[in-house]
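Undergrad: Residue-level listing of the chains:
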Amino acid sequence: MDRRSSIKTLLIISAGTAILPSCLQEEKKPSVSVKNFKISGNDEDIISAVSDTIIPQGKTPGAKDVGAYQYALMMMDDCYSPENQQKFTKGLKDFQDFSKKTINKSFSKATPAERNEVLNAIESKKNIPENVAFFYGTMKRLTLDAFTQSKYYLTKVQVYELVPGKFYGCVPVKKAS
Amino acid sequence: MGDSKKTRTFDAIVIGSGMSGGWAAKEFCEKGLKTLVLERGRDVVQPKDFTTTNMMPWEFKHRGEIPYDIQKANPVVSRCYAFREDAQQFFVKDTEHPYIQDKPFDWIRGYQVGGKSIMWARQTQRWSDFDFEGPARDGYAVDWPIRYNDIAPWYSYVEKFAGISGNKDGLPNLPDGEFLPPLELTCVENYFKDFVAKNYKDRNVIYGRCAHLTQPKQIHLDQGRSQCQNRSLCQRGCPFGGYFNANSTTIPWAEKTGNMTLRPFSVVHSIIYDDEKGKAVGVHVIDANTKESVEYYAPVIFVNAGAYNSNLLLLNSKSKRFPNGLGNDNGILGKYAAFHNYRASIRAKYDGFQDTKSEGGRRPTSAYMPRFRNLYKQETDFLRGYALTFYSDRWNYNDNSGFGEHLKNNLLKEPTLGPWGVGSGMMGETIPKETNFLSLDTEKKDDWGVPLLKINISYDDNDEKMIKDFFEQMTEMYTKAGFTDIQTNDSKQAPGLDIHHMGGVRMGKDPKTSLLNKWHQFHNCPNVFVTDGACMTSTSTQNPSLTFMAMTARAANYAVEQLKKREI
Numbered sequence: 000m001d002r003r004s005s006i007k008t009l010l011i012i013s014a015g016t017a018i019l020p021s022c023l024q025e026e027k028k029p030s031v032s033v034k035n036f037k038i039s040g041n042d043e044d045i046i047s048a049v050s051d052t053i054i055p056q057g058k059t060p061g062a063k064d065v066g067a068y069q070y071a072l073m074m075m076d077d078c079y080s081p082e083n084q085q086k087f088t089k090g091l092k093d094f095q096d097f098s099k100k101t102i103n104k105s106f107s108k109a110t111p112a113e114r115n116e117v118l119n120a121i122e123s124k125k126n127i128p129e130n131v132a133f134f135y136g137t138m139k140r141l142t143l144d145a146f147t148q149s150k151y152y153l154t155k156v157q158v159y160e161l162v163p164g165k166f167y168g169c170v171p172v173k174k175a176s
Numbered sequence: 000m001g002d003s004k005k006t007r008t009f010d011a012i013v014i015g016s017g018m019s020g021g022w023a024a025k026e027f028c029e030k031g032l033k034t035l036v037l038e039r040g041r042d043v044v045q046p047k048d049f050t051t052t053n054m055m056p057w058e059f060k061h062r063g064e065i066p067y068d069i070q071k072a073n074p075v076v077s078r079c080y081a082f083r084e085d086a087q088q089f090f091v092k093d094t095e096h097p098y099i100q101d102k103p104f105d106w107i108r109g110y111q112v113g114g115k116s117i118m119w120a121r122q123t124q125r126w127s128d129f130d131f132e133g134p135a136r137d138g139y140a141v142d143w144p145i146r147y148n149d150i151a152p153w154y155s156y157v158e159k160f161a162g163i164s165g166n167k168d169g170l171p172n173l174p175d176g177e178f179l180p181p182l183e184l185t186c187v188e189n190y191f192k193d194f195v196a197k198n199y200k201d202r203n204v205i206y207g208r209c210a211h212l213t214q215p216k217q218i219h220l221d222q223g224r225s226q227c228q229n230r231s232l233c234q235r236g237c238p239f240g241g242y243f244n245a246n247s248t249t250i251p252w253a254e255k256t257g258n259m260t261l262r263p264f265s266v267v268h269s270i271i272y273d274d275e276k277g278k279a280v281g282v283h284v285i286d287a288n289t290k291e292s293v294e295y296y297a298p299v300i301f302v303n304a305g306a307y308n309s310n311l312l313l314l315n316s317k318s319k320r321f322p323n324g325l326g327n328d329n330g331i332l333g334k335y336a337a338f339h340n341y342r343a344s345i346r347a348k349y350d351g352f353q354d355t356k357s358e359g360g361r362r363p364t365s366a367y368m369p370r371f372r373n374l375y376k377q378e379t380d381f382l383r384g385y386a387l388t389f390y391s392d393r394w395n396y397n398d399n400s401g402f403g404e405h406l407k408n409n410l411l412k413e414p415t416l417g418p419w420g421v422g423s424g425m426m427g428e429t430i431p432k433e434t435n436f437l438s439l440d441t442e443k444k445d446d447w448g449v450p451l452l453k454i455n456i457s458y459d460d461n462d463e464k465m466i467k468d469f470f471e472q473m474t475e476m477y478t479k480a481g482f483t484d485i486q487t488n489d490s491k492q493a494p495g496l497d498i499h500h501m502g503g504v505r506m507g508k509d510p511k512t513s514l515l516n517k518w519h520q521f522h523n524c525p526n527v528f529v530t531d532g533a534c535m536t537s538t539s540t541q542n543p544s545l546t547f548m549a550m551t552a553r554a555a556n557y558a559v560e561q562l563k564k565r566e567i
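So the protein lines, in turn, are chains S and Z.
Per numbering that gives the first Met the number 0: the first sequence = residues 0 to 176.
Per numbering that gives the first Met the number 0: the second sequence = residues 0 to 567.
Hints in this document: simulated from the structure, not taken from any laboratory.
Any given hint could turn out to be false.
Claimed, not checked - With a straight-line Cα cutoff of 30 angstroms, these simulated DSSO-like cross-link-like pairs (lysine-lysine) come out:
#1 Z:K4 x S:K165
#2 Z:K60 x S:K86
#3 Z:K60 x S:K34
#4 S:K34 x Z:K71
#5 S:K173 x Z:K412
#6 Z:K412 x S:K63
#7 Z:K412 x S:K58
#8 Z:K167 x S:K58
#9 Z:K60 x S:K150
#10 Z:K60 x S:K89
#11 Z:K47 x S:K27
#12 S:K89 x Z:K71
#13 S:K150 x Z:K412
#14 S:K165 x Z:K47
#15 S:K37 x S:K104
Keep in mind it's a predicted model, so treat the numbers as computed, not measured.
Please construct the entire structure, taking both the sequences and the accompanying hints into account.
TA: Right, dumping it as structure tokens:
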């Protein structure tokens, strides 16, 4: 696409956006592309927010810094069965409903405290719809994997030795480094 | 490629470049024979083709996992423990090379120079006469035409070159070898070793013997190899040459002589038998890429295609003299195929030794218990017995409950050391039977015009009884040793996943009931030798690769002598 026509397209898109009713604005495109199931930009925001709430940023890197939600979506797309992908997207929808019911707003627009309230409710395991539990459980596992198998974690926290050298079969625990 | 017959004529042809074929290549080339080595897959040159060997965990897109669509399309290979993102390039995918399972059989294969020697589990124990005399004593299969004394010097020969770590244990049922220092046992493994020695006659726990350079000798340095670094990433191929695979050892050694012609992408369709000359004269090869037919000639042919592929190409080698496959006058070619029973395992916890742990490298072996059942006399309602691994480890873990700051803080903490976990896996001898057999499909062929292999192999009552006994004996030993939370598991996995494929072209004394003589030659076509797993008369309870290597070196040196004497 040449520059002129892209500008034209942009103009059309923004013009279109300006006159569309606001509810349809929610159908923004996701920045991550998946092949085997559908998510919207809104869904992506929620998935990202869930991942960031599970391992928040702070003084040290969190889920966001290791690309955890992108990893989660990629793994869901590549390594999960169609049945589980369906369960995941269904769970995502149910999770949105669950959030609205719990904090009266979308998870992606919630404050950190409100997000904690939603996840605490799920962690309590009391009357949680199965798909919501599946969605959260999967997000947590994939976020943990992304974090604990990231370059950051394996070079700065628990250092992975590619070439560990000698194996010591029986040493006192005290000597642990 | 020259097209005159002369350029396609060699002193020896070796079909296959893996665990055993590499040895045939090395022996022939060292003795000055111009040797053609045929490999159906691609070339794998170390270190450049060990492409994943130095990758960090986070560099694998799926952190090791094989994507769903690949698993779905390739259920057989996906059941193999080593078929992961880091080594998947060395495994044959189901879709690439189909075969027919008359009964469920997980045929795990590696089609490349080096074959499965790149991804093998590297455990190397010698056979003893308790194994070689098994069929004759217990009345199954046929008597082996060789005994331990025939093969012992060749075990030493290959062990010195390959580099085997182990401890001299002085056991009659597991002869000592030429060992580099053993890898250490953990405190719990040492405890169990002492416990078993004190409480059970004729039962022993030993340091696992494995093909790792714990302390390289000059011969290993000469191969360009160096000390094993306990990475335990062996299935990727090793940049140190720390363990034995053909690509780091036998194949480059053969290459260095200038006598080897290695031809990758060469599917051997069949062995050419000349009815007039009354012997095999060469091989019919299909180029894997161009599908072009080429014939190669040599006075001696070694079949090392991997046990069941060796059966396949021999069954497909039909001539006027041998209408049912090479050497197959008695109709037993493809029959009496066997494997190892890997279904049973056990694990438990141990509360002792809380003040100790292991650390440093990732040990590429474990402790090992040689067969103790039915050793000196028949004592159970099943024939033969099983060997087993014994391992123990303490897992580091971080509390991953909850979410948020709480979870993150826990993940950043020094991990907690869990209790000792212990476990054992069974390796059971299976009894070769006529009803466990390989055959060719009469209609279906692969892309190279070779009939598809049909595999008809299953467990029997003896295997089931053995699993039960393993659970009983191990539960008793574990309980007495003070292990708790004992859990037994029967994986119910199909035969084949053990990747110890054997038999179909068995050795024996009598041409009526066997195909190969004591030198691995066909009784009725003595310039063709079979020295991979296909030749096995019985299976014993040892990981078989070391025996294939020793047998190949022995047979190759015999073949060279016979060639010199113009006997073949």
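Undergrad: Now tell me if each hint is right for this structure.
TA: Consistency of the hints with the structure:
1. Z:K4 x S:K165: 54 angstroms, violated
2. Z:K60 x S:K86: 23 angstroms, holds
3. Z:K60 x S:K34: 16 angstroms, holds
4. S:K34 x Z:K71: Satisfied, since the Cα-Cα distance of roughly 17 angstroms is no more than 30 angstroms.
5. S:K173 x Z:K412: 17 angstroms, holds
6. Z:K412 x S:K63: Holds: Z:K412 and S:K63 sit about 20 angstroms apart, inside 30 angstroms.
7. Z:K412 x S:K58: 15 angstroms, holds
8. Z:K167 x S:K58: 55 angstroms, violated
9. Z:K60 x S:K150: 12 angstroms, holds
10. Z:K60 x S:K89: 26 angstroms, holds
11. Z:K47 x S:K27: Given that 30 angstroms is the threshold and the Cα spacing comes to 46 angstroms, the pair is violated.
12. S:K89 x Z:K71: 23 angstroms, holds
13. S:K150 x Z:K412: 17 angstroms, holds
14. S:K165 x Z:K47: 25 angstroms, holds
15. S:K37 x S:K104: Cα-Cα ~23 angstroms, so holds.
When the structure is compared with the earlier hints, violations turn up for hints 1, 8 and 11 and for no others.
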